[in-house]
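In this text, residue positions in the sequence shown follow our numbering: the first is 4, and each later residue adds one.
No lab work stands behind these hints, which were simulated from the structure alone.
Note that beta-carbon positions come from the ideal geometry of N, C-alpha and C, so glycine has one too.
Keep in mind that a hint or two might mislead.
What the hints assert, rightly or not - Label pairs and their calculated CB-CB ranges:
| # | residue 1 | residue 2 | range |
| --- | --- | --- | --- |
| 1 | Lys71 | Trp7 | 50 to 58 angstroms |
| 2 | Val67 | Met34 | 53 to 61 angstroms |
| 3 | Asn68 | Asp141 | 14 to 22 angstroms |
Said to hold, decoys possible - Capping the alpha-carbon separation at 16 angstroms, the derived lysine to aspartate or glutamate pairs in EDC-like fashion look like this:
| # | residue 1 | residue 2 |
| --- | --- | --- |
| 4 | Lys62 | Asp129 |
| 5 | Lys105 | Asp129 |
| 6 | Lys66 | Glu115 |
| 7 | Lys123 | Glu45 |
| 8 | Lys146 | Asp103 |
| 9 | Lys123 | Asp69 |
| 10 | Lys123 | Asp97 |
| 11 | Lys62 | Glu115 |
| 12 | Lys146 | Asp69 |
| 13 | Lys105 | Asp69 |
| 14 | Lys79 | Asp103 |
| 15 | Lys46 | Asp102 |
| 16 | Lys123 | Asp102 |
| 17 | Lys66 | Glu10 |
| 18 | Lys66 | Asp117 |
| 19 | Lys46 | Glu10 |
| 20 | Lys58 | Asp137 |
| 21 | Lys79 | Glu91 |
| 22 | Lys79 | Asp102 |
| 23 | Lys125 | Glu60 |
| 24 | Lys71 | Asp141 |
| 25 | Lys71 | Asp97 |
| 26 | Lys125 | Glu45 |
| 27 | Lys123 | Glu60 |
| 28 | Lys133 | Asp69 |
| 29 | Lys99 | Glu115 |
| 30 | Lys6 | Asp63 |
| 31 | Lys79 | Asp141 |
| 32 | Lys62 | Asp117 |
| 33 | Lys125 | Asp86 |
| 34 | Lys85 | Asp137 |
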Amino acid sequence: MDKWEDEIALGLRNLCYIFNPSLIVLGGGIMSEDMLIRDIREKVDAQLESVNAVKAELKDAYKVNDTKVQVNFTNKIAVPTKDNFSIEGLTISDAKITDDQKSVILTVSGMELDKTYTVKTKNIVDANGKAVADGSVDFVARKIAYQAKMEIVDV
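Modelling step: build the complete structure from the supplied sequences, incorporating the hints.
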């Protein structure tokens with residue numbers, strides 16, 4: 004019976020990935036067994052969880068401009084607050100997640116050019132609700148060179 008349950012659970016998992024249904028209805032006389040339904044549900048949940056177990060990790064950080072630092076993660080994260088971040092020597096006044104949910108823009112004050120800073124993260128949660136390991140990453144506050152664009156138009 005275990006092998007049959009495993010095969011049913013695998014098929015249901017595949018249907019979940021293909022169609023993303025809000026409900027799956029199983030019928031037939033054998034499905035009247037509460038224990039069987041519970042076992043299949045547990046196996047499907049375990050399979051889905053193991054595939055979704057790729058957690059976000061702290062990737063890198065860099066200076067965007069004199070008052071902004073971008074912190075990047077490998078996968079989507081839940082919306083953080085400024086309290087989830089610290090940078091020694093800088094004051095963080097705001098944290099805004101980007102549209103792709105993989106980066107956070109920190110508004111900071113007190114940044115000095117050519118100085119190395121360490122961004123520390125704590126209590127971040129990924130988009131699946133799993134805790135992201137507290138971490139740290141260094142970046143250098145380099146001067147940003149802007150290049151003017153020139154367009155030549157034939158008149």
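Here is what the structure says about each hint:
{"no.": "1", "hint": "Lys71 x Trp7: 50 to 58 angstroms", "result": "holds (56 angstroms)"}
{"no.": "2", "hint": "Val67 x Met34: 53 to 61 angstroms", "result": "holds (55 angstroms)"}
{"no.": "3", "hint": "Asn68 x Asp141: 14 to 22 angstroms", "result": "holds (19 angstroms)"}
{"no.": "4", "hint": "Lys62 x Asp129", "result": "holds (13 angstroms)"}
{"no.": "5", "hint": "Lys105 x Asp129", "result": "holds (9 angstroms)"}
{"no.": "6", "hint": "Lys66 x Glu115", "result": "holds (11 angstroms)"}
{"no.": "7", "hint": "Lys123 x Glu45", "result": "violated (37 angstroms)"}
{"no.": "8", "hint": "Lys146 x Asp103", "result": "violated (26 angstroms)"}
{"no.": "9", "hint": "Lys123 x Asp69", "result": "violated (19 angstroms)"}
{"no.": "10", "hint": "Lys123 x Asp97", "result": "holds (15 angstroms)"}
{"no.": "11", "hint": "Lys62 x Glu115", "result": "violated (23 angstroms)"}
{"no.": "12", "hint": "Lys146 x Asp69", "result": "holds (9 angstroms)"}
{"no.": "13", "hint": "Lys105 x Asp69", "result": "violated (22 angstroms)"}
{"no.": "14", "hint": "Lys79 x Asp103", "result": "holds (7 angstroms)"}
{"no.": "15", "hint": "Lys46 x Asp102", "result": "violated (34 angstroms)"}
{"no.": "16", "hint": "Lys123 x Asp102", "result": "violated (22 angstroms)"}
{"no.": "17", "hint": "Lys66 x Glu10", "result": "violated (51 angstroms)"}
{"no.": "18", "hint": "Lys66 x Asp117", "result": "holds (11 angstroms)"}
{"no.": "19", "hint": "Lys46 x Glu10", "result": "holds (10 angstroms)"}
{"no.": "20", "hint": "Lys58 x Asp137", "result": "holds (12 angstroms)"}
{"no.": "21", "hint": "Lys79 x Glu91", "result": "violated (25 angstroms)"}
{"no.": "22", "hint": "Lys79 x Asp102", "result": "holds (10 angstroms)"}
{"no.": "23", "hint": "Lys125 x Glu60", "result": "holds (12 angstroms)"}
{"no.": "24", "hint": "Lys71 x Asp141", "result": "holds (15 angstroms)"}
{"no.": "25", "hint": "Lys71 x Asp97", "result": "holds (10 angstroms)"}
{"no.": "26", "hint": "Lys125 x Glu45", "result": "violated (31 angstroms)"}
{"no.": "27", "hint": "Lys123 x Glu60", "result": "holds (12 angstroms)"}
{"no.": "28", "hint": "Lys133 x Asp69", "result": "violated (33 angstroms)"}
{"no.": "29", "hint": "Lys99 x Glu115", "result": "violated (22 angstroms)"}
{"no.": "30", "hint": "Lys6 x Asp63", "result": "violated (44 angstroms)"}
{"no.": "31", "hint": "Lys79 x Asp141", "result": "violated (21 angstroms)"}
{"no.": "32", "hint": "Lys62 x Asp117", "result": "violated (21 angstroms)"}
{"no.": "33", "hint": "Lys125 x Asp86", "result": "holds (8 angstroms)"}
{"no.": "34", "hint": "Lys85 x Asp137", "result": "holds (14 angstroms)"}
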